[in-house]
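Peer 1: Let the sequences and hints guide you as you build the complete structure.
Residue numbers (numbering that gives the first Met the number 0), protein chains in the order written: chain W, 0 to 413; chain C, 0 to 413; chain D, 0 to 143; chain Y, 0 to 143.
I should point out that these hints are in silico values taken from the structure, not numbers from a laboratory.
Treat each hint with caution, since some may be false.
Unchecked claim - For lysine-lysine, the following DSS-like pairs were computed, each having C-alpha atoms within a straight-line distance of at most 27 Å:
#, chain 1, residue 1, chain 2, residue 2
1, Y, LYS125, Y, LYS79
2, W, LYS65, C, LYS410
3, C, LYS27, C, LYS407
4, W, LYS410, D, LYS16
5, W, LYS27, C, LYS410
6, Y, LYS79, W, LYS65
7, C, LYS65, W, LYS410
8, D, LYS91, C, LYS65
9, D, LYS79, D, LYS16
10, D, LYS16, W, LYS407
11, C, LYS27, W, LYS65
12, D, LYS91, D, LYS79
13, W, LYS65, Y, LYS16
14, C, LYS410, Y, LYS16
15, C, LYS407, W, LYS65
So you can see what is in the structure, the chains are spelled out below.
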Amino acid sequence: MAVTTANPLDSAVLRADFPFLEELSGGKPLAYLDSASSTQKPRQVLDRMRAFYEHEYANVHRGVYKLAERATEGYEGARHTVATLVNAPSEREIIFTRSATESINLVAYAWGLQNLGPGDTVVITELEHHANFVPWQFIASRTGAAFRHIPIDDAGELQLDALDDLARDNSIKVVCVGLVSNSLGTINPVEKIGAWAHEQGAIIVVDAAQAAPHRPIDVQALDCDFLALSSHKLCGPTGIGALWGRRALLEEMAPFNLGGEMIRSVGLDKTTFNELPYKFEAGTPAIAEAVGFGAAIDYITGIGLASIEQHEHELTRYAMERLGELDWVRLFGPPIERRAGIVSFEVAGIHPHDVAQILDWEGVAVRAGHHCTQPLMTRLGVAATTRASFYLYSIAEEVDRLVDGLHKVRKNLG
Amino acid sequence: MAVTTANPLDSAVLRADFPFLEELSGGKPLAYLDSASSTQKPRQVLDRMRAFYEHEYANVHRGVYKLAERATEGYEGARHTVATLVNAPSEREIIFTRSATESINLVAYAWGLQNLGPGDTVVITELEHHANFVPWQFIASRTGAAFRHIPIDDAGELQLDALDDLARDNSIKVVCVGLVSNSLGTINPVEKIGAWAHEQGAIIVVDAAQAAPHRPIDVQALDCDFLALSSHKLCGPTGIGALWGRRALLEEMAPFNLGGEMIRSVGLDKTTFNELPYKFEAGTPAIAEAVGFGAAIDYITGIGLASIEQHEHELTRYAMERLGELDWVRLFGPPIERRAGIVSFEVAGIHPHDVAQILDWEGVAVRAGHHCTQPLMTRLGVAATTRASFYLYSIAEEVDRLVDGLHKVRKNLG
Amino acid sequence: MSEFEQMYREVILDHYKTPRNHGILDPNDAVAEGQNPLCGDEVTVSVRFRDGDIIESVGFEGRGCAISQAATSMLTDLVKGRSAQEVAVMQKEELLDEIGIPLSPVRLKCALLGMGVLKVALHQSKGTPLPEEWGTSSGDISVN
Amino acid sequence: MSEFEQMYREVILDHYKTPRNHGILDPNDAVAEGQNPLCGDEVTVSVRFRDGDIIESVGFEGRGCAISQAATSMLTDLVKGRSAQEVAVMQKEELLDEIGIPLSPVRLKCALLGMGVLKVALHQSKGTPLPEEWGTSSGDISVN
Ligand SMILES: Cc1ncc(COP(=O)(O)O)c(C=O)c1O
Ligand SMILES: Cc1ncc(COP(=O)(O)O)c(C=O)c1O
Numbered sequence: 000m001a002v003t004t005a006n007p008l009d010s011a012v013l014r015a016d017f018p019f020l021e022e023l024s025g026g027k028p029l030a031y032l033d034s035a036s037s038t039q040k041p042r043q044v045l046d047r048m049r050a051f052y053e054h055e056y057a058n059v060h061r062g063v064y065k066l067a068e069r070a071t072e073g074y075e076g077a078r079h080t081v082a083t084l085v086n087a088p089s090e091r092e093i094i095f096t097r098s099a100t101e102s103i104n105l106v107a108y109a110w111g112l113q114n115l116g117p118g119d120t121v122v123i124t125e126l127e128h129h130a131n132f133v134p135w136q137f138i139a140s141r142t143g144a145a146f147r148h149i150p151i152d153d154a155g156e157l158q159l160d161a162l163d164d165l166a167r168d169n170s171i172k173v174v175c176v177g178l179v180s181n182s183l184g185t186i187n188p189v190e191k192i193g194a195w196a197h198e199q200g201a202i203i204v205v206d207a208a209q210a211a212p213h214r215p216i217d218v219q220a221l222d223c224d225f226l227a228l229s230s231h232k233l234c235g236p237t238g239i240g241a242l243w244g245r246r247a248l249l250e251e252m253a254p255f256n257l258g259g260e261m262i263r264s265v266g267l268d269k270t271t272f273n274e275l276p277y278k279f280e281a282g283t284p285a286i287a288e289a290v291g292f293g294a295a296i297d298y299i300t301g302i303g304l305a306s307i308e309q310h311e312h313e314l315t316r317y318a319m320e321r322l323g324e325l326d327w328v329r330l331f332g333p334p335i336e337r338r339a340g341i342v343s344f345e346v347a348g349i350h351p352h353d354v355a356q357i358l359d360w361e362g363v364a365v366r367a368g369h370h371c372t373q374p375l376m377t378r379l380g381v382a383a384t385t386r387a388s389f390y391l392y393s394i395a396e397e398v399d400r401l402v403d404g405l406h407k408v409r410k411n412l413g
Numbered sequence: 000m001a002v003t004t005a006n007p008l009d010s011a012v013l014r015a016d017f018p019f020l021e022e023l024s025g026g027k028p029l030a031y032l033d034s035a036s037s038t039q040k041p042r043q044v045l046d047r048m049r050a051f052y053e054h055e056y057a058n059v060h061r062g063v064y065k066l067a068e069r070a071t072e073g074y075e076g077a078r079h080t081v082a083t084l085v086n087a088p089s090e091r092e093i094i095f096t097r098s099a100t101e102s103i104n105l106v107a108y109a110w111g112l113q114n115l116g117p118g119d120t121v122v123i124t125e126l127e128h129h130a131n132f133v134p135w136q137f138i139a140s141r142t143g144a145a146f147r148h149i150p151i152d153d154a155g156e157l158q159l160d161a162l163d164d165l166a167r168d169n170s171i172k173v174v175c176v177g178l179v180s181n182s183l184g185t186i187n188p189v190e191k192i193g194a195w196a197h198e199q200g201a202i203i204v205v206d207a208a209q210a211a212p213h214r215p216i217d218v219q220a221l222d223c224d225f226l227a228l229s230s231h232k233l234c235g236p237t238g239i240g241a242l243w244g245r246r247a248l249l250e251e252m253a254p255f256n257l258g259g260e261m262i263r264s265v266g267l268d269k270t271t272f273n274e275l276p277y278k279f280e281a282g283t284p285a286i287a288e289a290v291g292f293g294a295a296i297d298y299i300t301g302i303g304l305a306s307i308e309q310h311e312h313e314l315t316r317y318a319m320e321r322l323g324e325l326d327w328v329r330l331f332g333p334p335i336e337r338r339a340g341i342v343s344f345e346v347a348g349i350h351p352h353d354v355a356q357i358l359d360w361e362g363v364a365v366r367a368g369h370h371c372t373q374p375l376m377t378r379l380g381v382a383a384t385t386r387a388s389f390y391l392y393s394i395a396e397e398v399d400r401l402v403d404g405l406h407k408v409r410k411n412l413g
Numbered sequence: 000m001s002e003f004e005q006m007y008r009e010v011i012l013d014h015y016k017t018p019r020n021h022g023i024l025d026p027n028d029a030v031a032e033g034q035n036p037l038c039g040d041e042v043t044v045s046v047r048f049r050d051g052d053i054i055e056s057v058g059f060e061g062r063g064c065a066i067s068q069a070a071t072s073m074l075t076d077l078v079k080g081r082s083a084q085e086v087a088v089m090q091k092e093e094l095l096d097e098i099g100i101p102l103s104p105v106r107l108k109c110a111l112l113g114m115g116v117l118k119v120a121l122h123q124s125k126g127t128p129l130p131e132e133w134g135t136s137s138g139d140i141s142v143n
Numbered sequence: 000m001s002e003f004e005q006m007y008r009e010v011i012l013d014h015y016k017t018p019r020n021h022g023i024l025d026p027n028d029a030v031a032e033g034q035n036p037l038c039g040d041e042v043t044v045s046v047r048f049r050d051g052d053i054i055e056s057v058g059f060e061g062r063g064c065a066i067s068q069a070a071t072s073m074l075t076d077l078v079k080g081r082s083a084q085e086v087a088v089m090q091k092e093e094l095l096d097e098i099g100i101p102l103s104p105v106r107l108k109c110a111l112l113g114m115g116v117l118k119v120a121l122h123q124s125k126g127t128p129l130p131e132e133w134g135t136s137s138g139d140i141s142v143n
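Peer 2: Set out below in structure tokens:
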């Protein structure tokens, strides 16, 4: 929910940081309304990565020479930045991965293969992104654990009154839930679900891919066990994400990927593993990407996550109002109070692909599809939706262009 | 072995492409002799990635709008480039990963968990990098398969006469071998080992991380089953590598990472997988990194891999000669004819860390350590070596500076 | 001609708004369904043969965009009277020529979904070859 | 002062060339070995106690660079006469002050290897706390 005391951010000024906005599409900058899928990158991040490659680049950790030291400082500095972003008790609990998806796979494999078996239950939600759904479904099927879901209501909100029934046979070992739904924008009550999971003796794995870019996150306040996030959704480069994990759990787990860097000693018949976090970072990591991830976090925290949240909240409210005026548009998802900067909708009788195609010709980029949430689409009774999503560089004029574009869609195909 | 008919490359000209050489260390550019660990990046690669982020960036594959199309073209174009580099029969057989390490883990998990069990044998080599060693050791221990190695002789070359003994009980299912040893530079007879593996009904997994940057590679001529390579070792960005795999094997395998992009349909009780290569690429991939990887391949193939190989061969010969003159330096590894651009050595009575530390003060960057080949170090009877390694931007003057530096090391600590 | 008119040609809109051969044949000799993994669209294709493996008629149903619906509709007309074997090796270009509009890779998937599913149906009933992109489903997950 | 003289101070070179307390104590009350994962260096540390948990003497052996050898040598002098508990919670800064040279993170690992292994030996024999970086070996692989 918007914190109305945050400093308002000045999009007009911030937009100057984003080179992609100089690109014109039909005489105007592209109205990029697909930030939930991936965000654009500010100069500050691109400059930092370039400087790193030009002046500080070498492989990390083992080099004795100065260039390798600088590279290691850059890489480990980024770990510190991520730890601060999520308020991790220790930097050792931050593991760099390729993406939020890989972060969750790491937990599903390394924790799941070791801790799940027949008689155990894995719980996910009906609106979960495939990233926090399919790995668990796979590991459940491999280990023989049951796979159950928390259902949603018609507004796309989790039905917490279903929890008792799920807990009935006392078999839940892990609960997997996203902070913010990437399809509907629903802000899920993760603290409550976490407390409930812990009552069952289960752990909770939180997908923060869609939340970390837009609102402050505190793993200690959330009291969760694992939390996944991604760089490319918060102004950072692709190819890097992070997992935070509770130290005691990470220490008990076997590794996931194996190879260089994650070992203490390797022998023909016995191998032992390195300390945290290296135990989970096999091979040459995404070094420059980590540095860029750190720069992106500096960029968004410099603006202020509370300010970003409020800006998006206002834009979303505006978009819901404007779209709500069109009786041939059906909005999915919860009311503005429990919604992040995402608006999914249906244009009566017109397929989302056609909507997005025609909008593109109007210089408006939106996403059409299942948004990697097919079980949710099934629940909503559609194959796909059209989705507009906002970030710090989004402005009200782009919402107007979306609405104008939808009129054109209807005129042409309605 | 050097192909003496290749066009000689002009390092002096090429060096202008590498911004890191503008950095002075004690008045001279750093003599960077650690390219086997990771290479420096030319402007062409950095420019391409920047342009991609500024003008072509969006998430790939699903977007209907033009920006997403451009991003997808960039990403899939890089796949085409990698396929061409290794002469893959089909682009569908190229899977993007984080690194050579992850490529091998993919095979070890997705192929290994499905195909190995008690009574089966995994064969690696005594000089294998941990990346093609530890994943197999881990999967062998999980599945109960035996774990055996092809030994080396004192010169660091594989002892092929040990193969018969390994094959005795007819249980070999997979043979894992690197094309070029990153510690000694040994060029391994992979075709022969592959033919032998296939006679056993085994597959062969080739680690080309240390070969692909320096010499032409052809998976069809090698007749291998899987081949791993990495971008950061061939002038490309970190955070991206590739796996080539034989189509029939890839199709039979279960996925490794799971999530978005790799599915065909997801349901609460049943999920099916996407076609190749997407089945193995879960989540948002390292998009800009793939584009940079492609640009790096264009850069090195533009120069010509045969020319690079010959240049390194000559430098290596020179380095072996100059170091060979020092009776307090012991060289490890094979003769120049079967060696790539890597020289590992020991300075009598002085630990490699101290050698590398003092060399750094002389503006010479070398690596000191086990180079992620601890079983090899055990075999050589050392904890670590000092290693100099070359790339297309390396010059003879840097070898001279290395030798001068070693005299200084000896004067100070000998 | 505007971008809209280039892609949403009259004939496309016509097939989209009044699809030919719509509905699942009953009885039928073969039926298959398939999804476009990029957007979740689904199509079901049914076939009736005569004289062994000559396609007598095809009927389809599903949800998808104008391009995928129109392309599948056009396809059902195109293949009538051909043998299963002929259709199994039919090049995508033939259908694309018929559609006659510029398509990005993503929209190409829309246009070719029906053709892929038809080939799956033929494969299942007549053992004809599967198209490349429909051959890699090993490892499907089922849970309880 | 050159970079060389700053790091390879006279006292460092002295401890490196003539290490104190070199060799494994025999008999001993505790012994542990450990590796530096970054370079493969190994050190073995042995301890003899008196009056319960007072460290009477420490002996070490291993291979490593000048910094790691000198630091371990200095450490063995430093801890003599202290209790296991005291040493287990001893701050790394105390040893680093003694070493008295600027160290990058990689060289820091060299300097602290001996101290880590000593704490492991104390942990094993007296149950004192393990240092952070020695606590995560679960999942070691053994193969046949
Ligand atoms: C022979 C060899 N194999 C594998 C690797 C690991 O590759 P990556 O750095 O891509 O993880 C390396 C380099 O570290 C190597 O030299
Ligand atoms: C809620 C949610 N979880 C997970 C992911 C996957 O993250 P990544 O793109 O880092 O793989 C996404 C984005 O695609 C997402 O929106």
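Peer 1: All the hints need checking, so say for each whether the structure fits it.
Peer 2: Right, here's what the structure says about each hint:
Distance check on the hinted pair: Y:LYS125 and Y:LYS79 sit about 16 Å apart at the alpha-carbon level, within 27 Å; holds. A threshold of 27 Å between alpha carbons decides the hint, and for W:LYS65 with C:LYS410 the separation of about 22 Å falls inside it, so the pair holds. For the proposed pair C:LYS27 and C:LYS407, the alpha carbon gap of about 17 Å is at most 27 Å, so the pair holds. With a C-alpha separation of about 15 Å, the suggested pair W:LYS410 and D:LYS16 falls inside the 27 Å cut-off, and the hint holds.
About 68 Å separates the Cα atoms of W:LYS27 and C:LYS410, which puts this hinted pair outside 27 Å; it is violated. With a CA separation close to 36 Å, the supplied pair Y:LYS79 and W:LYS65 exceeds the 27 Å bound. For the hint pairing C:LYS65 with W:LYS410, the CA-to-CA distance comes to about 22 Å; that is within 27 Å, so the pair holds. For the proposed pair D:LYS91 and C:LYS65, the alpha carbon gap of about 23 Å is at most 27 Å, so the pair holds.
Between the alpha carbons of D:LYS79 and D:LYS16 the distance comes to roughly 21 Å, so the proposed pair stays at or under 27 Å and holds. Between D:LYS16 and W:LYS407 the CA atoms are separated by roughly 18 Å; this keeps the pair inside 27 Å, and the hint holds. The hinted pair formed by C:LYS27 and W:LYS65 meets the criterion: a straight-line CA distance of about 15 Å does not exceed 27 Å. Using a Cα cut-off of 27 Å, the hinted pair D:LYS91 and D:LYS79 holds, with the two alpha carbons roughly 16 Å apart.
For the proposed pair W:LYS65 and Y:LYS16, the alpha carbon gap of about 26 Å is at most 27 Å, so the pair holds. Restraint check for C:LYS410 and Y:LYS16: the C-alpha separation of about 15 Å stays at or below 27 Å, so the hint holds. Under the criterion of a C-alpha separation no larger than 27 Å, the hint pairing C:LYS407 with W:LYS65 is consistent with the structure, at around 18 Å.
Violated hints, in rising order: 5, 6; the structure is consistent with all others.
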